[in-house]
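Trainee: The listed protein sequences correspond, in order, to chains R and S. Here the first sequence is numbered in the working numbering, starting from 21 and rising by one per residue. Here the second sequence is numbered in the working numbering, starting from 21 and rising by one per residue.
Where hints are given, some of them may not hold.
The list treats identical chains as interchangeable, and a pair is accepted whether it falls inside one copy or across any two copies.
To be verified - Only pairs whose alpha carbons sit at most 35 Å apart, straight line, appear in this in silico DSBU-like list of lysine-lysine: (1) Lys142 to Lys102; (2) Lys346 to Lys295; (3) Lys39 to Lys211; (4) Lys102 to Lys334; (5) Lys305 to Lys39; (6) Lys39 to Lys308; (7) Lys295 to Lys334; (8) Lys102 to Lys39; (9) Lys122 to Lys349; (10) Lys304 to Lys189; (11) Lys142 to Lys308; (12) Lys327 to Lys344; (13) Lys211 to Lys189.
Simulated from the structure, these hints should not be mistaken for lab results.
Number of protein chains: 2
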Amino acid sequence: MAGTVTVPSASVPSTPLLKDELDIVIPTIRNLDFLEMWRPFFQPYHLIIVQDGDPTKTIRVPEGFDYELYNRNDINRILGPKASCISFKDSACRCFGYMVSKKKYVFTIDDDCFVAKDPSGKDINALEQHIKNLLSPSTPFFFNTLYDPYREGADFVRGYPFSLREGAKTAVSHGLWLNIPDYDAPTQMVKPRERNSRYVDAVMTVPKGTLFPMCGMNLAFDRDLIGPAMYFGLMGDGQPIGRYDDMWAGWCMKVICDHLSLGVKTGLPYIWHSKASNPFVNLKKEYKGIFWQEDIIPFFQNATIPKECDTVQKCYLSLAEQVKEKLGKIDPYFVKLADAMVTWIEAWDELNPSTAAVENGKAK
Amino acid sequence: MAGTVTVPSASVPSTPLLKDELDIVIPTIRNLDFLEMWRPFFQPYHLIIVQDGDPTKTIRVPEGFDYELYNRNDINRILGPKASCISFKDSACRCFGYMVSKKKYVFTIDDDCFVAKDPSGKDINALEQHIKNLLSPSTPFFFNTLYDPYREGADFVRGYPFSLREGAKTAVSHGLWLNIPDYDAPTQMVKPRERNSRYVDAVMTVPKGTLFPMCGMNLAFDRDLIGPAMYFGLMGDGQPIGRYDDMWAGWCMKVICDHLSLGVKTGLPYIWHSKASNPFVNLKKEYKGIFWQEDIIPFFQNATIPKECDTVQKCYLSLAEQVKEKLGKIDPYFVKLADAMVTWIEAWDELNPSTAAVENGKAK
Numbered sequence: 021m022a023g024t025v026t027v028p029s030a031s032v033p034s035t036p037l038l039k040d041e042l043d044i045v046i047p048t049i050r051n052l053d054f055l056e057m058w059r060p061f062f063q064p065y066h067l068i069i070v071q072d073g074d075p076t077k078t079i080r081v082p083e084g085f086d087y088e089l090y091n092r093n094d095i096n097r098i099l100g101p102k103a104s105c106i107s108f109k110d111s112a113c114r115c116f117g118y119m120v121s122k123k124k125y126v127f128t129i130d131d132d133c134f135v136a137k138d139p140s141g142k143d144i145n146a147l148e149q150h151i152k153n154l155l156s157p158s159t160p161f162f163f164n165t166l167y168d169p170y171r172e173g174a175d176f177v178r179g180y181p182f183s184l185r186e187g188a189k190t191a192v193s194h195g196l197w198l199n200i201p202d203y204d205a206p207t208q209m210v211k212p213r214e215r216n217s218r219y220v221d222a223v224m225t226v227p228k229g230t231l232f233p234m235c236g237m238n239l240a241f242d243r244d245l246i247g248p249a250m251y252f253g254l255m256g257d258g259q260p261i262g263r264y265d266d267m268w269a270g271w272c273m274k275v276i277c278d279h280l281s282l283g284v285k286t287g288l289p290y291i292w293h294s295k296a297s298n299p300f301v302n303l304k305k306e307y308k309g310i311f312w313q314e315d316i317i318p319f320f321q322n323a324t325i326p327k328e329c330d331t332v333q334k335c336y337l338s339l340a341e342q343v344k345e346k347l348g349k350i351d352p353y354f355v356k357l358a359d360a361m362v363t364w365i366e367a368w369d370e371l372n373p374s375t376a377a378v379e380n381g382k383a384k
Numbered sequence: 021m022a023g024t025v026t027v028p029s030a031s032v033p034s035t036p037l038l039k040d041e042l043d044i045v046i047p048t049i050r051n052l053d054f055l056e057m058w059r060p061f062f063q064p065y066h067l068i069i070v071q072d073g074d075p076t077k078t079i080r081v082p083e084g085f086d087y088e089l090y091n092r093n094d095i096n097r098i099l100g101p102k103a104s105c106i107s108f109k110d111s112a113c114r115c116f117g118y119m120v121s122k123k124k125y126v127f128t129i130d131d132d133c134f135v136a137k138d139p140s141g142k143d144i145n146a147l148e149q150h151i152k153n154l155l156s157p158s159t160p161f162f163f164n165t166l167y168d169p170y171r172e173g174a175d176f177v178r179g180y181p182f183s184l185r186e187g188a189k190t191a192v193s194h195g196l197w198l199n200i201p202d203y204d205a206p207t208q209m210v211k212p213r214e215r216n217s218r219y220v221d222a223v224m225t226v227p228k229g230t231l232f233p234m235c236g237m238n239l240a241f242d243r244d245l246i247g248p249a250m251y252f253g254l255m256g257d258g259q260p261i262g263r264y265d266d267m268w269a270g271w272c273m274k275v276i277c278d279h280l281s282l283g284v285k286t287g288l289p290y291i292w293h294s295k296a297s298n299p300f301v302n303l304k305k306e307y308k309g310i311f312w313q314e315d316i317i318p319f320f321q322n323a324t325i326p327k328e329c330d331t332v333q334k335c336y337l338s339l340a341e342q343v344k345e346k347l348g349k350i351d352p353y354f355v356k357l358a359d360a361m362v363t364w365i366e367a368w369d370e371l372n373p374s375t376a377a378v379e380n381g382k383a384k
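Chain R on its own, in the form it takes in the complex:
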């Protein structure tokens, strides 16, 4: 039978879960007033703020939060020439925060995301739900029709093979959005008034072999298990494309999780996404991506990682090679992106020498 994860059920646990093992990464260009609303849930945790755009601007952080803040000058100073792999003027810069974190878990959230309410009207502690998702196993190898079998009141249904009921380690927890849904520019334009008001009370594992669109707005992951695959690519200033940073990370990450038998969940928790970005600006950023993804998706659907790749880093470098070879034909951008993927791994290993050593040791 499935064991349920015993996690306090109150919205504000008396001892915050994983308090010293989780960083909250926030990319921003403005004062972080949105944190006021999250104070009861986030204050016990350490924040890593990645300031995008003009580094001379001062970002105000509400009092009482424990944080470190990096602007572009900091990124350049810390990474030197390898800073070229971190996007500028795009929220893709958030992945720098993943790299400098020293914790096992990361939760990342956009600064236009507020606390949502569940159908009973109670504030949703999004972080607590992500932690529950990450601490309980996933079921990537077979589909359970009653959703998460590890949740209280649920289990595996008749016909679910017993040998698969231990599940897999969960690497990623992808949360959803009430109010403004995460639509692309064409959909935004056609449905400017559409709001998401449906609260679907479920967490599910994205099955092995299935790709999905991972949104970076409300996302948590296990850095030790999958961190080096969470590179948000080259977007924004000087790049021909934007708004595909999280998608790119999601596709790379999923192929690697499938290879390493790790699980990826989507569903709860919801956040309240407060405002739609400008669809005209978005269209400009997205339009090449809209064409390119028609080739990118089949590429990732067919990508296979050699058996001998037994660390995330090795898997990622193998993917980078395949990106250069196969997607490089579509546009020179992908050659540049493939090189940046390699630089990212070099920078990751430089800043995380112990993991790199462990990983390399494990690999030998």
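Assemble the complex: chain R is given as a structure, and chain S must be docked to it using the hints.
Mentor: Showing chain S alone in chain R's frame:
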């Protein structure tokens, strides 16, 4: 953008949907008093009742329902020696009803399933939801994080390839159960008091390449698209196994849907499952299946159907061959089952000559 299916939203549509194109198939051993509760929803439709067990017993059907009833004598008379493929003393006999139906759609329900209520307290018209599911496309090739993109108020999210937004034809709609969950005997024994009270307001496509445990309690399908794959196998009297009838059909059906690019949905609608079957009796029926499924699942996960199989019948016969060859090694039962699968297709084509002709014509 996704088009939404325009279907009347009232629980009791003034003109019942697909009134002349859908049969309700019910396997039973008792009087069908449960139909009283379903009267507002089922009365406009034609019922096919498959009487299991003693054919001399009279099954009472509440007044006002339009039905045909088949007992074992009828099955033997209609199918002759081919009747051997229809199970006896097991609800697997329901698939005889699929075969004799002359309609495009079939909904099948167990006689211990009652009308459930949605969270607002309204009676759920399960049949109407199944019809909505069948009439709108599926999305087997890529995962949409906001669930069914064709539902009102929803759409495809950012990063969903535009070329895949037409979706695939939906062949199967698998509904769920409130109250008594569909657990196997071991889980029933360990959790005798577990009840499902979680209403998950979602319909999702089971992704291509992913198997799931299909339950026959609350199930609808498009007979024209997938009917011949809906064989519930050899269970019950004289067989070494029970309670794997729907599972077997689900695994065969899913492999064929994946091959033919058809969609399979699960989620809404819920029915109220009134009583748990006896776990001790269930264990006796299931225990060989519990072992065997550890081999059956990998078998279906790795089964490939030759490209030239372009009808459900051909796909099914190819699977039967593979079952005999590969699962026959586990137990002689699978050789018998593989033969029954062939008999089933012969019987299907005999009773459905026009489809068979069309299919054969199409195949040439």
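Trainee: Work down the list of hints and note, for each, if the structure agrees.
Mentor: Hint check:
1. Lys142 to Lys102: Intra 45 Å, inter 60 Å, cutoff 35 Å: neither.
2. Lys346 to Lys295: neither (37 Å within a copy, 56 Å between copies)
3. Lys39 to Lys211: Classified as between: cross-chain Cα gap 34 Å, same-chain 41 Å, threshold 35 Å.
4. Lys102 to Lys334: This pair counts as within: shortest intra-copy Cα distance 19 Å, inter-copy 57 Å.
5. Lys305 to Lys39: For Lys305 and Lys39, neither the intra-copy (37 Å) nor the inter-copy (49 Å) Cα distance is at most 35 Å.
6. Lys39 to Lys308: Neither: 41 Å inside a chain and 47 Å across chains, both beyond 35 Å.
7. Lys295 to Lys334: neither (39 Å within a copy, 52 Å between copies)
8. Lys102 to Lys39: Answer is within; shortest intra-copy Cα gap is 31 Å, inter-copy 66 Å.
9. Lys122 to Lys349: The answer is neither: 38 Å in one copy and 53 Å across copies each exceed 35 Å.
10. Lys304 to Lys189: This pair counts as between: shortest inter-copy Cα distance 33 Å, intra-copy 39 Å.
11. Lys142 to Lys308: Neither: 41 Å inside a chain and 47 Å across chains, both beyond 35 Å.
12. Lys327 to Lys344: Both: 20 Å inside a copy, 32 Å across copies.
13. Lys211 to Lys189: between (38 Å within a copy, 25 Å between copies)
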